[in-house]
Amino acid sequence: MKRFYQGELENLRTQLLVMAERTVTNISDALAALHGGDIQLAERVIKSDDVIDELEVAIDAEASRYIALRSPVASDVRLLIVIMKVSHDLERMADESTSISKRVIRLMESRHMLEMGMLPELSLQAVDLVREVVECLVGDDSGKAESLPMRDKEIDQMHRRNFQFFTEKVQGSPELASDYIDLIFISKAIERICDHATNIAEEIVYLLRGMDIRHTEKTKRANV
Amino acid sequence: MPDPAIKTAVTPQASVTTSDVPLRADYISVRNFNFFYNGVHQVLFDLNLDIPERQVTAFIGPSGCGKSTLLRNINRMNDLIDGIRHEGDIFIDGHSIFDPDIEVISLRKRIGMVFQKSNPFPKSIYENIVYSLRVAGRHRKSELDEVVERSLHAAALWDEVKDRLHQSAFGLSGGQMQRLCIARAIANQPEIILMDEPCSALDPIATGKIEDLIHELKKQFTIVIVTHNMQQAARVSDRTAFFYLGKLIEYNSTEAIFMNPINSQTEAYVSGRFG
Amino acid sequence: MSSPYVRPPLPERFQVAKRTLAFDRFMQTFIKLGGGGIIVAVLLIFVFIALQVIPLFRGARVDFVKSVPVALDEVVLMGADDWGELPFFVDASGSIFFKDLPGLSQPDGGRGIFQVGNPLPAGFVPSVMRFNENQKQILFGSDDGRFTIVPLQYRTVFPPEGGRRVEVSLESFPVLPIGQPGYPVLDLAYGDSGTNKMAAAVQVVDGSPRLFVQTLFQRRTLLGLGPLTIERSYDLTPLLSAKPVQVLIPFEANAVVALSESGEVSYFFYQNGEFYLRQSFTPFAGLEDTAVASMDYILGDVSLMFTHASGVMRVWSLYRSEATDSRIFGEAKRFPDLPAGADFYSASLRNKGFLAGTGSLASLRYMTTEVVRWEQQLPFTIVQARIAPRYNALFFLDDTSQLHIYDLRDPHPMAGWRTFFGRIRYEGQAHASFEWQSTGGRDDFERKLSLVPLIVGTLKGTLYAMLFAVPIALLGAIYTSQFLRPALRAYIKPAVEIMASLPSVVLGFLAALWLAPIVSNAVPAVLTAIFAICLSAVIVGNVYPALPRSVRRLLPSGYEFAVLVPLLLFAGWAGWQMGNLWEAMFIGDFRLWYPQAFGLSFEQRNAFVVGFAMGFAIIPIIFTLSDDAMTNVPDAFRSGSLALGASRWQTAIRIVIPTASPGIFSALMIGLGRAVGETMIVVMATGNSPVTEWNPFSGMRTLSANIAVELPEAPYLGTLYRTLFLSAMVLFLMTFLVNTLAEILRQRLRERYRAVE
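Chains as they are written, first to last, in the numbering used here: chain L, 1 to 224; chain P, 225 to 499; chain W, 500 to 1256.
Note that these hints are calculated values from the structure, not bench results. Please note: incorrect hints may appear among the correct ones.
As the list claims (entries may be wrong) - A short, non-exhaustive set of chain P residues, derived as facing chain W with CB atoms under 7 Å:
| # | residue |
| --- | --- |
| 1 | Arg332 |
| 2 | Met337 |
| 3 | Ser356 |
Said to hold, decoys possible - Simulated crosslink set (DSS-like; lysine-lysine; CA at most 25 Å straight-line):
| # | chain 1 | residue 1 | chain 2 | residue 2 |
| --- | --- | --- | --- | --- |
| 4 | L | Lys2 | P | Lys386 |
| 5 | P | Lys386 | P | Lys365 |
| 6 | L | Lys188 | L | Lys169 |
| 7 | P | Lys443 | L | Lys2 |
Even glycine gets a Cβ: it sits at the ideal position worked out from N, Cα and C.
Generate the whole structure from the sequences, applying the supplied hints.
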């Protein structure tokens, strides 16, 4: 039986997916801006962050209204919790991509040639991870979602190597220190984005299976 | 405390209008209404509220708060009780229902009512539905057939009973019976439907069906529902009135009542911490 | 079970007292016994009644007791005393011998065969002998045209040595001439009603038989009876169309019945000193040979039993013919054929039974019901037969002068399905009919025990009572339960219930002594008043809603009666006056007009009055039960209907009454049961005439009233006694049937209108 207010929940989910798509776009745009040195793209990412923020607010309001008036239970209540958490994660991811974009603009303005270390590879991995998480969200794929947290180890590794690499660069060429510090922060932001993506994957598993896999063997990360 | 004027994300669903006349926000208007049993025992105190047209308005409140009494005053069912008295007035579409020139029978024809306990008559499904037509002296078969089909469709019962229209209504399940009562109430195409705890005797599935039905019916009818089930009030109503000890404590949009009630008694009641 | 673990005893707070359990068990058994006991009690009542009734439907039982030799060469006539203990035998010479037979099962008495003097004077050579069993007279006709009568005087004596003996003596009677002197008398009959005395003889004068009748006269003087003298002699031969062979005179001595050789029967009626031929008929007119083999009276001398040589048996009875307005014979009964004409015949002195037969076949038959009670081929040739006067034995004399005594047990010879439920043409009636008349003024009275008039009376009383009570009770119940203010209902209902406690004898008394005269004096007024009340109620009902709302508002709903009741009273009064008026104008006196107009009788105590009175007795029951039924209709139904815009009346008619119909139906059935079984009102107010008609202005007799009226008079275990039990059983079965049907119907209604729980 489909209740008359079921549509509200679906709307909410659709809104979340829209937000997820926008977030993925922002992330990939931010990283594309980083590697392509595209300031316009970076600016666009910064601008569109407002839309994502609004979406988060709307999703929160609608979800709490839904909880108050529709007294959801079971998968509905998981969906609502997950929606709220995921929207929060997405908002944070969008924020990180905004901060990447800001740093990209600054780097572009300093016009130094910089070594990128493992950033290109990290970016590829990150975009890939985020896309896959969103695919899991869209396709309700808990199996794949469960496997995603493991990839975070690799990404953490890359970030640590970037960190070492850029730290050495900062020590090696002090005149470029601020730029390399920006790159460290970018690497850190990417790493944060992937953490949020991992969280979303875990939440997807919780949503679909009602099982909390956080901080368990399956997702234990190497550095924790 | 959050800001009471919280902005709601979703506005109440706009009713489907069938004419260009704007819907009245005070379709049923209760003014300074006091009500007494046995002449002296006051059960309703100075009530004032406007019930908007083609929306669902829920009356909630603990037992004995007067919500049913008010509901039964709207179609003057309380007239049957000895020793009642009222002060103030109730207007429907601007006309007082206590106007001596109003025939109470014709008033009741304008107002369908659904009771707490489903009360199909000991007749066939068909005869139950056409009862209001028959008592009005309308017996033309084609008209009755049409009304039966329309009402059952409207009550989402047609597919379940179309093959046994002439069997006893008592063969139906509880939820089906209550939907039959709704079909019966709307057979004469009233303007208002009063529902007095229509789901209190039903299981959740049947309750869900009735709630969906109410959601559908509000496109066409002004609905007032009394319920003890706060989730139900929250789910089906657009506006909610909270009564306590015969007084109207708070009357607002359902979202406001359930998410951010102004009155602390309302807050306590809707959150289940009452008493 | 073998676990070493021992459960600690259950804490006291979990234990149940043995007393509680025992009491619980006791009450369970007690209640079961009680319920079973009720069923058993009802069954036992049924069984008891059935045991009382069953003997009615048994046939006669005839058992051989003994054979006694009669040491006589030829027995011409045989008879017995009232006790059957001293039968007599007459030989050809006219000597009368008595045989001492004290009790059927006792050894022969010490007196053996003995004679008590010779009653016939010298020179009187008997040519014909007849036994007039009713009067215990032996008639002798001589071969020289004289006759005499020997009355047997039986009496019981209690000799000093103990026991009891029947003694006999012969009375004297003068020898009187009859007919032509010197010619032998062929047949002789004598009748004595006390005032009329009459003798008739068939005499062969010069080779041709003639019929002579003479009336006798005995003066009553201060010293006793004077000598018997011949008053007048008549020769009826000229009135006959054929040669007479047999003559009979009924005991009233007011007629002569003569049978001719050709089988024609002539019925002469004696009036004002003359004989008139009232009727000639041929009983076997339909047969080729119309000759009659035997003709005899059945007890009461109203019916004649004829047999034909072929064995055909018919009974003709006197009845009042509408065509001639006189009592004539008509064929009344047909019996199964005998193998040949009856050789011997004996009528019972107790009832309308008779014993007839031919050869060795004896057949005991009952006239009223046309049934054969008993029939058997006996192992001897029967010459003479007699039913013992007390209808407790049969005497057969065979051709070897052996007397065979049979024990007869037939306590209820007239009982049978036909008697109780069939149409029977009773003696004196032109048509078969249903009649109840259990006792008459005379011993030879033919009992009429048809239950049909009683059943009809019961149904009639019930019908009129229900016609009166049901509309009032039901409409009253509808009003009080659906329209009246509940506050007032709280007064009305107990008031009506008090009516139910009125003893029915009081109602009957009022109906018989107060209401019946009033109603019978003013039937049109009563009818018009009733009509006017109904009409005015309908008019008010139609006019009231048309009144302006401002007028109607003056009367709060539920108080309408305040206006209606005075109006109805006025309408009743006006109707009464008008009824009297139009009675005076158009029909004069209803009591005289009604029988003329409809050909039906008008009685003061009639079904109409009983309808009123019994209606009063059942109104409270129907009212209060149906009021309860309607009040108990779930309020949800009423509210539902009213909320759909139905008026209170529509709600009552369309919803409340159908839903309450099982209860209303029960109320009607209980009322019906009360009406069917009601006794006192009917006994007092109906006149108790058992008529089979539905005329509202005649009385009736119901089964219950009949039991009440007749049972004190009914001899214990007699036919009437058992018949009353049969009528009780019929009543029982009627109510059982009605209740069963009602219960089935009620269950169906209940299933249909069952309220949703």
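Status of each hint after checking the structure:
For Arg332 (chain P), the shortest C-beta to C-beta distance to chain W is roughly 5 Å, which falls under 7 Å, so the interface hint holds. Hint status for Met337 (chain P) relative to chain W: holds, with the closest Cβ pair at about 4 Å, below 7 Å. Interface hint at Ser356 (chain P): satisfied, since its Cβ lies 4 Å from the closest Cβ of chain W, which is below the 7 Å cut-off. For the proposed pair Lys2 (chain L) and Lys386 (chain P), the alpha carbon gap of about 22 Å is at most 25 Å, so the pair holds.
For the hint linking Lys386 (chain P) to Lys365 (chain P), the alpha-carbon distance of about 16 Å falls within 25 Å, and the restraint holds. Restraint check for Lys188 (chain L) and Lys169 (chain L): the C-alpha separation of about 16 Å stays at or below 25 Å, so the hint holds. For the hint linking Lys443 (chain P) to Lys2 (chain L), the alpha-carbon distance of about 19 Å falls within 25 Å, and the restraint holds.
Every hint from the earlier list agrees with this structure, and none is contradicted.
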